[in-house]
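Peer 1: Chain order of the listed sequences is W and U.
Residue numbering for the first sequence follows the working numbering, starting at 3 and increasing by one per position.
Residue numbering for the second sequence follows the working numbering, starting at 4 and increasing by one per position.
FYI, nobody ran anything at the bench for these hints, they're computed from the structure.
Errors might be hidden in some of the hints.
Okay, derived cross-link-like pairs now, SDA-like style, lysine to any residue, Cα gap no bigger than 20 Å in a straight line [as the list claims (entries may be wrong)]:
#1 137/W - 125/U
#2 151/W - 72/U
#3 279/W - 297/W
#4 137/W - 130/U
#5 151/W - 128/U
#6 123/U - 297/W
#7 123/U - 406/W
#8 151/W - 69/U
#9 123/U - 133/W
#10 234/W - 220/W
#11 151/W - 133/W
#12 123/U - 131/W
#13 137/W - 72/U
#14 121/W - 406/W
#15 137/W - 171/U
#16 123/U - 141/W
#17 123/U - 132/W
The structure presented is a predicted model; accordingly, all values stated were derived computationally and were not measured.
Chain residues, written in single-letter form:
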Amino acid sequence: MNQDIHIPALARVEGEGALTIRLKDGAVDEILLNIYEPPRFFEGFLHGRYFQDVPDITARICGICPVAYQMSSVQALEAALQVSITQEVRQLRQLLYCAEYIESHALHIYLLQAPDLVKLESAISLAAEAPELVKQGLRLKKIGNDLLKTIGGRSVHPVNTCVGGFYRWPAEQAIHDLVPELEWARQASIDTVKWAATLNYPDFEQDYEFVALNLIDEYAIYDGYILSSNGKRIAPLDFEKHYIESHVERSNALHSHTADNHTYFVGPLARLNLNHKKLRPMAKAAVKEISLKFPLRNPYKGLLARAIELVHTCDLAIELANEYQPQGPCHVEFNIQPGEGVGVSEAPRGLLYHRYVVDEQGLIRFARITPPTAQNFAQMESDLWALAPTAILQSQEEASLTFEHLLRSYDPCISCATHFLKLNIEKE
Amino acid sequence: MTQLPDGARDKPPGTIKLIGIGQSLRGDDAAGLAAVRLWQEKYQAENARPNLQVELAELPGIGLLGMINGAKIAILVDAVRSNNQAGTIHLLSTDQLEAFKDGAGSAHGWGVAETLALGKQLMPLAMPETIYVIGIEAGELSLGEALSPEVELVLPEAANLIERLLTNG
């Protein structure tokens, strides 16, 4: 192949992006992952807004992972306002997060990445070849959305979460009624792991620095410390000292590096590699049954990691739903005071960081949101460079597909990732 | 066997689903939501339709299949992009939707056209017998809440088309 590759619109990813690979004298000269979705000025929207508006506004950043934006934002604001939530509230937030993992992971496994691994063009082609498989994926996704709707009032962009707790407790019976479907989902997830282990993943491994939240006694999703595979464990407050965002001219999204200018990788692979010992027993059993060895250094095996997390989150959701019996108030009362706080949680696509400054009236004076896909962009480009020398030996069409498959394995959420922190960064 | 009252059909009328689809923060992408809201203001109180369910769906993605599953008739109102003037109203059959497949702007590549194609393939018996898609040609799709004047102008026509489909469709 001796022509440049240009993929003008990446398919089956959220948002709008393009990829150009330029060749010179038969070798790769330039790789441009170009994000052209209009920058989303959400941080700007939040300036001057009342703090309690933030969870509902940030939820609009993404139609697939709105809960993650609510969870990181409420935790940051609760830190800023020195609010402590109750254990009941924490458990319901965990259950809400499980709902998002189930719907988001089911979507990516079955409808976005699986067609690549079985060499089909789309989920519609996959549905023609293996209808029962795709039906299973759709039912799993629906179970996640139903749980999300029961807690959050809507299956997309839920509205019930507030700083201090929830606006109302969902009806007990409505939550308990979902348990039989969640039990089906757990078994379907175990089957998904077995099926995922049979897929042919491209032979591609890199020596990544994985970064994910970590807790001593549970598989961290809702909150935690920030752990790196290089052994560094930091408090969420120190995130911006260790992980730096910078503007890249060709792209509307910011790119992230470690403070010593290395790329790093967030998401399901990072979580699983760093925290697999904290998985629930049923998910551990699924791992054992397929004889999986850690660490996983193949980005395509993100699908396998998502499948294992499906088992974990379905099992956790069943426990939380069965135990759900709210007694206390659905949110705590507190006084508004000026302050600054950060919140981190694990969105399905990886670590999501929020920081806010609130004034004495409860108005937002500063907002910073660092989504997982923005953190992974530099790593994606690095992977493209590693893949390119062999990929360009293929035909133009095959090479394009090879690059697209790699990017889709990251499950990039480009709409979430496109934002500017400050416009004056460009002028400096 | 209990006699049905005069005028009743042999079987109860199936559910009709009216769904406005779009994103309220992305300019004319909210056209479908706005048209259904206007229909609610102007017409909903006029005729009691116990078998009608109305929903406003922002970024439903493949969740749309769950919303229309089991309905007899579905009327979907959404913004579309072809090469027509902003504000042009299209009444499309599902076959005609092929021309509007464009995953890039929708949640993880699942627009209405792709979703209905998947539903037709996977669960043909659960899909509505009739699906009408009212497409409102979008002009401005950048970030912001306001509709463009061309789209705003045709909302009454779109609401009237919804009412006519509900009455005669």
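Peer 1: With a cut-off of 20 Å on the C-alpha distance, tell me whether residue 137/W and residue 171/U pass.
Peer 2: Violated - the C-alpha atoms of residue 171/U and residue 137/W are around 34 Å apart, more than 20 Å.
Peer 1: Holds or violated: residue 151/W with residue 72/U, Cα cutoff 20 Å?
Peer 2: holds (17 Å)
Peer 1: Verify the proposed pairing of residue 123/U with residue 132/W, using a straight-line Cα cut of 20 Å.
Peer 2: holds (15 Å)
Peer 1: Holds or violated: residue 151/W with residue 69/U, Cα cutoff 20 Å?
Peer 2: Holds: residue 151/W and residue 69/U sit about 13 Å apart, inside 20 Å.
Peer 1: For the pair we were handed, residue 279/W and residue 297/W, check the Cα-Cα distance against 20 Å.
Peer 2: holds (12 Å)
Peer 1: Measure nothing beyond the straight line between the CA atoms of residue 137/W and residue 130/U; if it is 20 Å or shorter, mark the hint as holding.
Peer 2: holds (14 Å)
Peer 1: With a cut-off of 20 Å on the C-alpha distance, tell me whether residue 137/W and residue 125/U pass.
Peer 2: Holds. Residue 137/W to residue 125/U sits at ~7 Å (cutoff 20 Å).
Peer 1: Mind checking the alpha carbons of residue 151/W and residue 133/W for me, to see if they're no more than 20 Å apart?
Peer 2: violated (26 Å)
Peer 1: Holds or violated: residue 234/W with residue 220/W, Cα cutoff 20 Å?
Peer 2: holds (19 Å)
Peer 1: Between residue 123/U and residue 406/W, does the CA-CA distance stay at or below 20 Å?
Peer 2: Status violated; Cα separation ~27 Å.
Peer 1: Assess, step by step, whether the Cα of residue 123/U is no farther than 20 Å from the Cα of residue 297/W, and give holds or violated.
Peer 2: Between residue 123/U and residue 297/W the Cα gap is close to 41 Å, so the pair fails against 20 Å, i.e. violated.
Peer 1: Is the hinted pair residue 123/U and residue 131/W satisfied, with a Cα-Cα distance of at most 20 Å?
Peer 2: holds (14 Å)
Violation of the numbered hints given earlier is confined to hints 5, 6, 7, 11, 15; the remaining hints are satisfied by the structure.
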